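Enquirer: Residue numbers (the working numbering), protein chains in the order written: chain A, 127 to 238; chain B, 788 to 902.
Rather than coming from a laboratory, the hints here were simulated on the basis of the structure. Possibly wrong hints are sitting among the right ones.
Across the chosen pairs, the derived CB separations fall in these ranges [to be verified]:
1) A:K168 x B:P882: 19 to 25 Å
2) A:Q135 x B:T792: 26 to 32 Å
3) A:K183 x B:F847: 28 to 34 Å
4) B:P857 x A:Q140: 48 to 54 Å
5) A:E209 x B:S814: 23 to 29 Å
6) A:N146 x B:F856: 41 to 47 Å
7) A:D143 x B:P857: 49 to 55 Å
8) A:S133 x B:G815: 33 to 39 Å
9) A:T177 x B:L826: 28 to 34 Å
10) A:S136 x B:N864: 30 to 36 Å
11) A:E131 x B:F856: 34 to 40 Å
12) B:T801 x A:G205: 22 to 28 Å
13) B:E869 x A:K168: 24 to 30 Å
14) B:G803 x A:N146: 43 to 49 Å
Which stretches of chain A does chain B cover? Using the computed rule of at least three CB atoms under 8 Å from a CB of chain B, they are [what the hints assert, rightly or not]:
15) 167–180
16) 189–200
Residues from chain A shown here face chain B by an in silico Cβ test under 10 Å; the list is partial [said to hold, decoys possible]:
17) V130
18) Q132
19) H160
20) Y162
21) W164
22) A212
23) L215
24) C216
No experiment lies behind these values; they were computed from the predicted model shown. A virtual CB, placed ideally from N, CA and C, is assigned to each residue, including glycine.
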Amino acid sequence: ILNVEQSPQSLHVQEGDSTNFTCSFPSSNFYALHWYRWETAKSPEALFVMTLNGDEKKKGRISATLNTKEGYSYLYIKGSQPEDSATYLCAFTSNTGNQFYFGTGTSLTVIP
Amino acid sequence: ETGVTQSPTHLIKTRGQQVTLRCSSQSGHNTVSWYQQALGQGPQFIFQYYREEENGRGNFPPRFSGLQFPNYSSELNVNALELDDSALYLCASSPMGVAGAGELFFGEGSRLTVL
Chain A
127 ILNVEQSPQS LHVQEGDSTN FTCSFPSSNF YALHWYRWET AKSPEALFVM
177 TLNGDEKKKG RISATLNTKE GYSYLYIKGS QPEDSATYLC AFTSNTGNQF
227 YFGTGTSLTV IP
Chain B
788 ETGVTQSPTH LIKTRGQQVT LRCSSQSGHN TVSWYQQALG QGPQFIFQYY
838 REEENGRGNF PPRFSGLQFP NYSSELNVNA LELDDSALYL CASSPMGVAG
888 AGELFFGEGS RLTVL
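Between the sequences and the hints, there should be enough to build the whole structure, so can you do that?
Expert: Rendered as structure tokens:
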């Protein structure tokens with residue numbers, strides 16, 4: 127069983143603060159690392175997929191980095207807004223199968 | 788473009804009963820995956836269907852079974868329900884046979900409570 131860990135489990139920040147979360151995953155048999163955003167009562171939506179060591183992706187105020195050699199990815203949110211409140215899931219896919227291995231998520235609450 | 792839809796959204800069953808959950812995949816997607824999210828856990832892979840065949844299975848017992856139909860919609864069946872089967876069941880479709888670096892498109896889930 128592959129273990130994907132996310133930290134922190136939950137986070138409360140003030141509007142305008144910048145924040146970041148961590149996703150740790152196995153460094154062997156790496157294929158891709160995915161980030162999803164999941165708002166309450168909605169469906170998870172893909173933010174990024176990264177496949178190469180050193181990849182950096184950006185979408186508006188949200189960005190992510192990838193280190194496959196040490197097995198971690200960071201998600202950054204710059205100038206958090208209340209609409210950023212959601213659970214952020216990361217998932218690892220290996221080159222030996224087709225399933226996504228999800229972490230337990232980081233729950234972000236942005237306080238106006 | 789119609790997204791992934793799941794039914795029912797909520798249901799309550801008792802131990803030993805059977806349940807069927809349904810999923811309509813996004814238009815153009817031929818692959819459907821099912822995930823179970825228990826309280827406090829991340830989504831766990833149950834199985835994937837590609838062109839009506841099972842194409843990978845997670846660590847779930849045989850009482851979890853599935854089907855995919857010619858229109859690529861899918862069902863998840865769980866027999867002999869146990870209390871631990873209480874969870875949110877997520878369906879996700881994708882345009883490829885192997886998830887890999889592709890994106891999963893999720894439904895909003897079916898929340899099952901087993902009493």
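Enquirer: Hint by hint, say whether it matches the structure.
Expert: We went through each hint and held it up to the structure:
1. A:K168 x B:P882: 19 to 25 Å: 21 Å Cβ-Cβ, so the 19 to 25 Å window holds.
2. A:Q135 x B:T792: 26 to 32 Å: Taking Cβ atoms as reference, Q135 of chain A and T792 of chain B lie about 30 Å apart, which means the hint holds.
3. A:K183 x B:F847: 28 to 34 Å: 32 Å, holds
4. B:P857 x A:Q140: 48 to 54 Å: 52 Å, holds
5. A:E209 x B:S814: 23 to 29 Å: Since the Cβ atoms of E209 of chain A and S814 of chain B sit about 28 Å apart, the hinted range of 23 to 29 Å holds.
6. A:N146 x B:F856: 41 to 47 Å: 43 Å, holds
7. A:D143 x B:P857: 49 to 55 Å: 51 Å, holds
8. A:S133 x B:G815: 33 to 39 Å: Taking Cβ atoms as reference, S133 of chain A and G815 of chain B lie about 37 Å apart, which means the hint holds.
9. A:T177 x B:L826: 28 to 34 Å: Because 32 Å falls inside the window, the suggested range holds.
10. A:S136 x B:N864: 30 to 36 Å: Because 34 Å falls inside the window, the suggested range holds.
11. A:E131 x B:F856: 34 to 40 Å: 37 Å, holds
12. B:T801 x A:G205: 22 to 28 Å: For G205 of chain A against T801 of chain B, whose Cβ atoms are near 49 Å apart, the range 22 to 28 Å is violated.
13. B:E869 x A:K168: 24 to 30 Å: Given about 28 Å between the Cβ atoms, the range holds.
14. B:G803 x A:N146: 43 to 49 Å: Given about 46 Å between the Cβ atoms, the range holds.
15. 167–180: Check passed, 8 qualifying residues.
16. 189–200: Our answer is that it is violated, as 0 residues pass the Cβ test (under 8 Å) against chain B, missing three.
17. V130: 7 Å, holds
18. Q132: This hint holds: Q132 of chain A lies near chain B, its Cβ roughly 8 Å from the closest one there, short of 10 Å.
19. H160: 8 Å, holds
20. Y162: 8 Å, holds
21. W164: The hint holds - W164 of chain A has a Cβ within 10 Å of chain B, the shortest such distance being about 8 Å.
22. A212: Violated. Min distance 13 Å.
23. L215: 6 Å, holds
24. C216: Interface hint status for C216 of chain A: holds (9 Å vs cutoff 10 Å).
Violated hints, listed in ascending order, are 12, 16, 22; each of the other numbered hints is respected by the structure.
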